[in-house]
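Please arrange chain B on chain A, whose structure you already have, making use of the hints.
Listed below, chain by chain, are the residues.
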Amino acid sequence: MSKSTNRIKTIAKKEVVEFVRDWRTIVAIIIIPILMFPVLFIVFPILLESEAAELDSMNVSIEIQYNEYPEDFVSLFNQSTTILTMVNTTFTDSLSEPMGDLDRVRNMELDAILRLNYSSDVWFYSIIHLSTSESSNEAKSRIINSLILFEDNITANRISEGGLDVNSTLNPLRWDGDSSAADVATEGEQAGLILSLFIPLVLAIWTFSSAIQPSIDMTAGERERGTLEALLGLPCTRNELLMGKWLGVATITSVGVLLQIFGLLFAIGYLASSDFIGVPDLSLEAILLIVISIMLFAVMVVALELALAMRSHSVKEAGSILGPAIILIIFPALFTQVINLDGIESFWFSIPVINILLALRELLLDRVIVEHVFIWMLTSILYATLAAYYAARQFKREDIVTTLS
Amino acid sequence: MSEQNVLLKISNVRKNFAEVVALDGVSFEINSGEVVGLVGSNGAGKTTLLRLMSGVYQPSSGSVTLGNDTPVHLMRDNLGVVPESTGLYSRLTAWENIRYHSRLYGIDDTIAWKRTLKFAQSLDMEENLSRYTKGFSRGMRQKTALLRALAHGPKVLLLDEPTAGLDITSARTVRALVEQIKQEGGTVVYSTHQLFEAQQVCDRIIIIHNGVVKADGSPDELIQQNNCSTLEEAYVELTQEKARIRFEDSNKESGITKLWNRLFRPKTPHYAGEKELIESE
Chain A
1 MSKSTNRIKT IAKKEVVEFV RDWRTIVAII IIPILMFPVL FIVFPILLES
51 EAAELDSMNV SIEIQYNEYP EDFVSLFNQS TTILTMVNTT FTDSLSEPMG
101 DLDRVRNMEL DAILRLNYSS DVWFYSIIHL STSESSNEAK SRIINSLILF
151 EDNITANRIS EGGLDVNSTL NPLRWDGDSS AADVATEGEQ AGLILSLFIP
201 LVLAIWTFSS AIQPSIDMTA GERERGTLEA LLGLPCTRNE LLMGKWLGVA
251 TITSVGVLLQ IFGLLFAIGY LASSDFIGVP DLSLEAILLI VISIMLFAVM
301 VVALELALAM RSHSVKEAGS ILGPAIILII FPALFTQVIN LDGIESFWFS
351 IPVINILLAL RELLLDRVIV EHVFIWMLTS ILYATLAAYY AARQFKREDI
401 VTTLS
Chain B
1 MSEQNVLLKI SNVRKNFAEV VALDGVSFEI NSGEVVGLVG SNGAGKTTLL
51 RLMSGVYQPS SGSVTLGNDT PVHLMRDNLG VVPESTGLYS RLTAWENIRY
101 HSRLYGIDDT IAWKRTLKFA QSLDMEENLS RYTKGFSRGM RQKTALLRAL
151 AHGPKVLLLD EPTAGLDITS ARTVRALVEQ IKQEGGTVVY STHQLFEAQQ
201 VCDRIIIIHN GVVKADGSPD ELIQQNNCST LEEAYVELTQ EKARIRFEDS
251 NKESGITKLW NRLFRPKTPH YAGEKELIES E
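Which chain is which? The protein sequence lines are A and B, in order. Using our numbering, the final residue of the first sequence is 405, and nothing's skipped along the way. Using our numbering, the final residue of the second sequence is 281, and nothing's skipped along the way.
Treat the hints as calculated values from the structure; they're not laboratory data. Predicted model only: the values in this text are computed from it and were never measured. Certain hints may be false.
To be verified - Think about it this way: if two alpha-carbon atoms lie no more than 27 Å apart in a straight line, the pair counts; the simulated BS3-like pairs of lysine-lysine are:
(1) K134/B to K3/A
(2) K9/B to K214/B
(3) K182/B to K155/B
(4) K182/B to K118/B
(5) K396/A to K13/A
(6) K316/A to K267/B
(7) K155/B to K118/B
(8) K9/A to K134/B
(9) K182/B to K214/B
(10) K9/B to K182/B
(11) K258/B to K396/A
(12) K114/B to K134/B
(13) K13/A to K134/B
(14) K155/B to K114/B
(15) K9/B to K155/B
(16) K182/B to K114/B
(17) K13/A to K316/A
(18) K3/A to K114/B
(19) K258/B to K316/A
(20) K275/B to K316/A
(21) K3/A to K13/A
(22) K316/A to K396/A
(23) K134/B to K118/B
(24) K114/B to K13/A
(25) K9/A to K9/B
(26) K9/A to K396/A
(27) K396/A to K9/B
(28) K396/A to K3/A
Same shape as in the complex, but just chain A:
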């Protein structure tokens, strides 16, 4: 191994060791990436389900004000969890005006009030509720569900009374058979489509965001702590220093991204077992190109972040530049999601950030289009080289040694 390679390796190793010894880093690059997607896709739905079950079992009190007793409607409520109070009345004003009922609902004396006014064969209704109260919203939701059934029954009865067949009148157009069987895309392709909607987004944002902290720590941080001056007096060249630090940041970021993908695949595996999503069909060349595209993206992003952080005079300044700079990734990433891949113009594959994200989307669909691959690879190499050149220029600046402290 040459002296230069040894130095780069030594710098990278030290950076990783020093970074990993900070417990906050362990949380940021190991715990959070592993847990993020399982929590989002597994724990969160479970929590939502349990919340929904809790709401279902919640007792709500509803007052029904009517001018004509809606007998069929009342029987539609689950009487065990819904306390109904029936009040016969006459209506003179608009049903939606709370009037005297305002305080009763606001003070939670009642969760909701349904007003039903039967006039000229039509049931006019309104629901007086408090939208900021969960129990009131639940009461409203139960009322609406019952009203929908009530309306269906009335419609069916009227069609029947008119001498028509209810089913053919209400559903004159129907899909025949299993609709999913008519989709000629394989399960793997469908899975690829779903994954292509969020994996590029996650990869791009996470690569950028997880590189921020180590980039700042290894440049502006070193400068502020005064360790950079001692390092610059050593026989290693500035390029070796840059490459060593780049390797350190890239290693830390890769671990973070890999762990996040691991968490994502685990969550998908869990969901796949419940027939929500399958495993995408990817050819070997698509997988290889995915890896290359991510690497090129990482080279560009990490070099750019190191350069910007090195250019900054302090950790604070670096943070205030690199933090908002994530917008440069988020906006293109979101924009890329809405670009139609069918018949897409080739120039899209030459725009920075967008080119890699589009490439990932195509590759996850197992579409290896030579022209697109050529363009995104060439432009990505160009952007990565430019970013590395810019970083090298920043590292060669004489004033990087000056510490503000």
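Relative to the frame of chain A, chain B by itself:
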């Protein structure tokens, strides 16, 4: 002194930071086995000169060469540098800090360890080598930085205010180490603004003021040349010129930064009647 003994040669060095001249026409030679003190007030140019000697800065004109007229930045293996800030990594142990640098010098761990142990005994640091430097006192940090600079066996040791902020005992230990290096034939450049220390440690003192070498000689020579009874008197005699202020990198500010500074940088306050007051004084 014969030409063969010249180890470090500073020839007509000028160093500019934007429009400010930090060093102007500095020339001197450092011979093998010498302990040379760079003495000057804060901002005199000592640190800039040391950074030029260590190859961190490049001279605007002139040259800094080592040995056989090779530019110093190509011969950094021969230098051991202790910057004022010590530059230790707090999440590494003292030995890991030393090993990191010695590996970058291309020195085998075993050799670096042996050298470290040798000097660690002199500095009473053996027990602390496996400790993280995070909790180290200023003195311990300075000693670790010294061990780190010595681990690869440099020909020249460059020390930037090595006793600044140290307690009396630690400062004595550091000075004793410099003496030990001198006894072993080592060459040391010792930057300080403490005259008594320079007098005690150094064979030769170079007084720098406003980026210019004002005097170069042994403590006795400096006293005699200026017809003074003490080195302090000689120093005062030589540095009467008012110290100038250096604004580093001012021309590297972008337009936005300049505008920002113009709008928000604190300005010197002016009060009613101050002009008359100054004039009357």
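To see whether the hints hold, each was checked on the structure:
no.: 1; hint: K134/B to K3/A; verdict: violated (30 Å)
no.: 2; hint: K9/B to K214/B; verdict: holds (17 Å)
no.: 3; hint: K182/B to K155/B; verdict: holds (11 Å)
no.: 4; hint: K182/B to K118/B; verdict: holds (15 Å)
no.: 5; hint: K396/A to K13/A; verdict: holds (22 Å)
no.: 6; hint: K316/A to K267/B; verdict: holds (23 Å)
no.: 7; hint: K155/B to K118/B; verdict: holds (17 Å)
no.: 8; hint: K9/A to K134/B; verdict: holds (24 Å)
no.: 9; hint: K182/B to K214/B; verdict: holds (25 Å)
no.: 10; hint: K9/B to K182/B; verdict: holds (19 Å)
no.: 11; hint: K258/B to K396/A; verdict: holds (23 Å)
no.: 12; hint: K114/B to K134/B; verdict: holds (24 Å)
no.: 13; hint: K13/A to K134/B; verdict: holds (19 Å)
no.: 14; hint: K155/B to K114/B; verdict: holds (17 Å)
no.: 15; hint: K9/B to K155/B; verdict: holds (14 Å)
no.: 16; hint: K182/B to K114/B; verdict: holds (19 Å)
no.: 17; hint: K13/A to K316/A; verdict: holds (26 Å)
no.: 18; hint: K3/A to K114/B; verdict: holds (22 Å)
no.: 19; hint: K258/B to K316/A; verdict: holds (19 Å)
no.: 20; hint: K275/B to K316/A; verdict: violated (40 Å)
no.: 21; hint: K3/A to K13/A; verdict: holds (15 Å)
no.: 22; hint: K316/A to K396/A; verdict: holds (22 Å)
no.: 23; hint: K134/B to K118/B; verdict: holds (23 Å)
no.: 24; hint: K114/B to K13/A; verdict: holds (23 Å)
no.: 25; hint: K9/A to K9/B; verdict: violated (34 Å)
no.: 26; hint: K9/A to K396/A; verdict: holds (20 Å)
no.: 27; hint: K396/A to K9/B; verdict: holds (24 Å)
no.: 28; hint: K396/A to K3/A; verdict: holds (20 Å)
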